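Asks: The lines below spell out each chain.
Number of protein chains: 4
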Amino acid sequence: MKIGILTGGGDCPGLNAVIRGVVRKGIFHYEDDFLGFLEGWRGVIEDKSMPLNLDAVSGILPRGGTILRTSRTNPAKRPDGIERCAATLEKNKIAALIAIGGDDTLSVAQKLHENGVKVVGVPKTIDNDLSGTDYTFGFDTACNVVCEAIDRLHTTAEAHNRVMVVEVMGRDAGWIALYSGIAGGADVILIPERPFDIERVAESLRQRHERGRYFSIVVVAEGAKFSANAQSSQAAPVLQDAEKDEFGHVKLGGVANVLAREIERRTGFETRAVVLGHIQRGGSPSAFDRVLATRYGLGAIDMVHRGEFGCMAALRANKIISIPLKEAISRNRVVDNEMIDTVNGLFEKTANKQAVGD
Amino acid sequence: MKIGILTGGGDCPGLNAVIRGVVRKGIFHYEDDFLGFLEGWRGVIEDKSMPLNLDAVSGILPRGGTILRTSRTNPAKRPDGIERCAATLEKNKIAALIAIGGDDTLSVAQKLHENGVKVVGVPKTIDNDLSGTDYTFGFDTACNVVCEAIDRLHTTAEAHNRVMVVEVMGRDAGWIALYSGIAGGADVILIPERPFDIERVAESLRQRHERGRYFSIVVVAEGAKFSANAQSSQAAPVLQDAEKDEFGHVKLGGVANVLAREIERRTGFETRAVVLGHIQRGGSPSAFDRVLATRYGLGAIDMVHRGEFGCMAALRANKIISIPLKEAISRNRVVDNEMIDTVNGLFEKTANKQAVGD
Amino acid sequence: MKIGILTGGGDCPGLNAVIRGVVRKGIFHYEDDFLGFLEGWRGVIEDKSMPLNLDAVSGILPRGGTILRTSRTNPAKRPDGIERCAATLEKNKIAALIAIGGDDTLSVAQKLHENGVKVVGVPKTIDNDLSGTDYTFGFDTACNVVCEAIDRLHTTAEAHNRVMVVEVMGRDAGWIALYSGIAGGADVILIPERPFDIERVAESLRQRHERGRYFSIVVVAEGAKFSANAQSSQAAPVLQDAEKDEFGHVKLGGVANVLAREIERRTGFETRAVVLGHIQRGGSPSAFDRVLATRYGLGAIDMVHRGEFGCMAALRANKIISIPLKEAISRNRVVDNEMIDTVNGLFEKTANKQAVGD
Amino acid sequence: MKIGILTGGGDCPGLNAVIRGVVRKGIFHYEDDFLGFLEGWRGVIEDKSMPLNLDAVSGILPRGGTILRTSRTNPAKRPDGIERCAATLEKNKIAALIAIGGDDTLSVAQKLHENGVKVVGVPKTIDNDLSGTDYTFGFDTACNVVCEAIDRLHTTAEAHNRVMVVEVMGRDAGWIALYSGIAGGADVILIPERPFDIERVAESLRQRHERGRYFSIVVVAEGAKFSANAQSSQAAPVLQDAEKDEFGHVKLGGVANVLAREIERRTGFETRAVVLGHIQRGGSPSAFDRVLATRYGLGAIDMVHRGEFGCMAALRANKIISIPLKEAISRNRVVDNEMIDTVNGLFEKTANKQAVGD
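From first to last, the protein sequence lines stand for chains A, B, C and D. When the first sequence is numbered by the numbering used here, its final residue is 622 and no position is left out of the sequence of numbers. When the second sequence is numbered by the numbering used here, its final residue is 622 and no position is left out of the sequence of numbers. When the third sequence is numbered by the numbering used here, its final residue is 622 and no position is left out of the sequence of numbers. When the fourth sequence is numbered by the numbering used here, its final residue is 622 and no position is left out of the sequence of numbers.
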């Protein structure tokens, strides 16, 4: 069977492990042939590809990025995009396509499926916010990178009696902030799910200071929002949604820099912002992510041979199962109240606030 | 409420995170006092302890080991052990005890519970083999350490055209070998659950060699066994159960060294053994383990205040729940056939063998 | 002999190793007593200190930051600062003082020396730019942190066909940029010693692109400057010296963000900036820095007992020697032309430019 | 100019960085062509090679091992070895050869040079024991790996009140043991340069125990020797020189296991041995080693074009210079008395012993 593979959207540690899992099982157990389309859907539209055999996937397991490269090209946004994809697949005699990507990539997969193409999806989101699956690969690696950075910042915060504000990934969901914040021993964790009152954050840091802790770590997800109804008499700063620069790139550091300035202004404590940015998504995957991504790959090639098209591999209760693509791309999985309450157990109660969110 | 804490058995990354989670929530939310007994049950028998307040648990989250130290002392094996434990607890006015440890430690907790002591358990096993709980802390860290070691060994194996045999922890269960073997891209993984036929292992390495891969990585759990009914005409080596030295310490490297010698003898490929040993259980915990261990700690202190004594915190479907100690200490959770079949998808089929086990 | 110790200026991996080296040799070999002044010179002015014995320095070797904390307080900038320092030292019967710090900290040490106080200095600059000494501790750790970050960014740059601009420490000297740039395989390295022509940087990236390398890494020291006489017809951007925010903190990311924008504008290649910031100076020191810092500590306590006051420990040809403080604090050691020429050997010649600097 | 390259002897982090440095400068600045001989001198004898262009060396900087692979094949030990090497070089029109390796590899280079072949050497020894050069690449990486392992072992030693004996590389010179021992905070360091008295080691551990330190770390180089004239009434154990197994491989763990047993027998303290073995020489090089190895590569290609044949690149006072091969391969650089005295400053004096060596 001749099978196409592509990786789309932002890169994520574990993509190569998925590709390797698919190709090894396909060759060793099903005698498949593989064609890797380059740079996500762009490679399908433009018919750019490379053959994928055992040599091609040898040694890629520990490597970040994706040997197929990636892009945010979305064929559904071009008039003839879907048709051109179907044409390329037919021309190359692709019997089935495995698309590895996030919401955007998989929504194209769903459209192709509706057009009769045999497609299987593998979910990818470093933010771990996909409904329908318990864990996505890349998230654990990102948490380890952030946690190690916070460990480093702890020693410098403590040496200088400083507040350090650390901005991490998470535009819509706070999983990375929450997990790496707990792991790094953060004193305040701010997530998109709970708009925060800047005055309460300041109060919480003052209270800690009074207990003799002269330094603090604040972890903030890039998508965290200032609360509109701040109790403070001073108006809360207003952050526009995801500021972009002249090239359309989202500007990082927006929330961290404003937050650091407001904290220093309100508490008088020396405060610095650190924006971790792209180092969170590159580099060698953790053991957990390598195993998880490999299992997704093994699951996806099995789905192809069981004819489960229009479906996506998912992790549930530590098993890889198959769920309809449609279901998966519908809704983000955000941090729930129960988890927030649990985590708040770690922190001192203040008059009217908990350390996570509001 | 005055609460005792102890850590028993082998050390494990995350023990300090559990202690910190218990103490922070206990002080911040329940106004508890804490006494830490030193060196596991030995501290209870001999009434050796230290007070645990916020200062004592500050900065311990990223540190391996346990600030309370540990031992394998088992009061149940001494005539008056259980009585002396009860007496120490009464003398110190301990209203409840949180015992963090493995089978052995928790079986003492169960005995004390049967004697009327209010005890809550937190499970600890780096091998991840406790029935009743989905994941135990320390396991993820161990897998990362082994995976990083295998990455290092890969480059040297490849440079020299060698077979490297890597012995990892796992006396009764092969989880560490299996997960770190997949994560490290091992070519053969040998686990206690499946006695292995040495001739088949050799055959599998020869087959790989014929495909032009002149180096291989074999991961073997310390408890893996040679199969009695080996198909080879040459008798299989016999390994005694857990060889011990004159001081009663289990000797590491038994299986790796015999295996390396047999592989070289049968294949003619230069083969070396590496025994990772104690580096697998020390050092700073991974982000995953810090979060998991913290959640176990938060769960345990809640159990104390809900009066769930004679019980143990457990992770099920990503929630911390409470289960009877008796249930938990009864049976080891080993690698199941379904998982082995899944993993075998990664490897070439040989005439009559798969890469994992037999 | 009763000896005082302090750490001043920005924190730096290895400070604890110096303290430990001083205290261990002092106690084991000279029967000294130690008093640690807190937060640099502030602790001397305000007479805040802690006793330093073997227990206090136990376990601090692998830890970043400084157990004595630090500050940028400069007594020489207060009318009675030097007198108050001398008074505190006398009051505490300090026979000699060991001051660990950079230019600023050591210039105070020199002033105290001129006022008759017995002072020995230990140089500290993460930028490795102190004349008089071959290597300073902390630099190697910073290079490893940056190098690991560049490794991570490489995979993401390659997956997305992007230019990544990485801003690293180095206000006056480009050592960190140069070393970590070479170690990380950067394609362009920009350092304060050589103002750069933005159009030549763009040209160099275009040339690489034409060779089929669709991604690039640009490492830029925070103090790198745009060249005034840029050959480009388009005016070069002007960067003010070390922009500061309302609290007087230097703003990071100035040069990286402007550079990224200019590169994308001139080449059309998608470009992103990453500002590593404070993670470069925190965390556990590398083996090299632990050894070097320990040797500085051992050297400093020997200098005290040999009566070499007004002097500083220095590394020359892999030996710790003693040089006058005055000499050491006079002049920065910058990257020399010979080193730049050597490194340029790694890069393609362009019409009129080399990859490092101009 | 057509230039051959090979890597011989044990693998070492940084080999790929040397190859990359040579090839990049050769192509970018001298318009050379390169042929890489495979598996050290074996590839020259058997005429096995691969072309080395910019693509071949792209992405290899952060990778351990060597893309040319390596072997211990020594042509000088075969009757017609040197002739066959010369013949292969002539057949391939190789104008000059760059040989990267240790004593053994470079002694062949010297022989070829004497036979009229144009050869330049690059020294490689992970043990850092080459006379004529201040530092060799790979050593820093090995020290970081050992130091990280000791950090891990520290937490487990402390949790269990154990003595941990850590065996590291170093058959003839104790540099790795000394540097990583200092960096890891070892309590006893045993090196080949100073045969040790086992009873004094035990006494030193007892003395530490009496100070309330119930755990200890002993770092021992694989080549460390028991002293013949041990003061103890109990005879010292005799270790044969470098025990070998039936395949001629040196057995690791000899000294560590005997030492651990003797320590436990003499002190009664629970003692465990850890043999780090091959993980010390594999994996990604440190930033320091990447820079150093790159500089060696740049130096070697310059030497070829300056016609400095029969010579080897060397590091002196932080500059790459050229020295005669003959000089370099003559004598090992061992740890000198001055360095041992310095390091002993860190340790408590015992009646008649210092912590390093005798």
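Just so you know, these hints were derived from the structure itself, not from any lab. A few of these clues could be false.
Simulated crosslink set (EDC-like; lysine to aspartate or glutamate; CA at most 20 Å straight-line) [claimed, not checked]:
(1) D:Lys583 with C:Asp605
(2) A:Lys312 with C:Glu474
(3) C:Lys357 with C:Asp398
(4) C:Lys312 with A:Glu474
From a predicted model like this one, the values you see are computed outputs, not experimental measurements.
Asks: If a hint holds in the structure, say so; if it doesn't, say that too.
Replies: Tested hints:
As the CA atoms of D:Lys583 and C:Asp605 are separated by approximately 13 Å, the hinted pair is consistent with the 20 Å bound. For the suggested pair A:Lys312 and C:Glu474, the alpha carbons sit about 19 Å apart, so the restraint of at most 20 Å is met. Note on C:Lys357 and C:Asp398: the hinted pairing is violated, with a Cα-Cα distance of about 35 Å set against a maximum of 20 Å. Between C:Lys312 and A:Glu474 the alpha-carbon distance is near 18 Å, which keeps this suggested pair within the 20 Å criterion.
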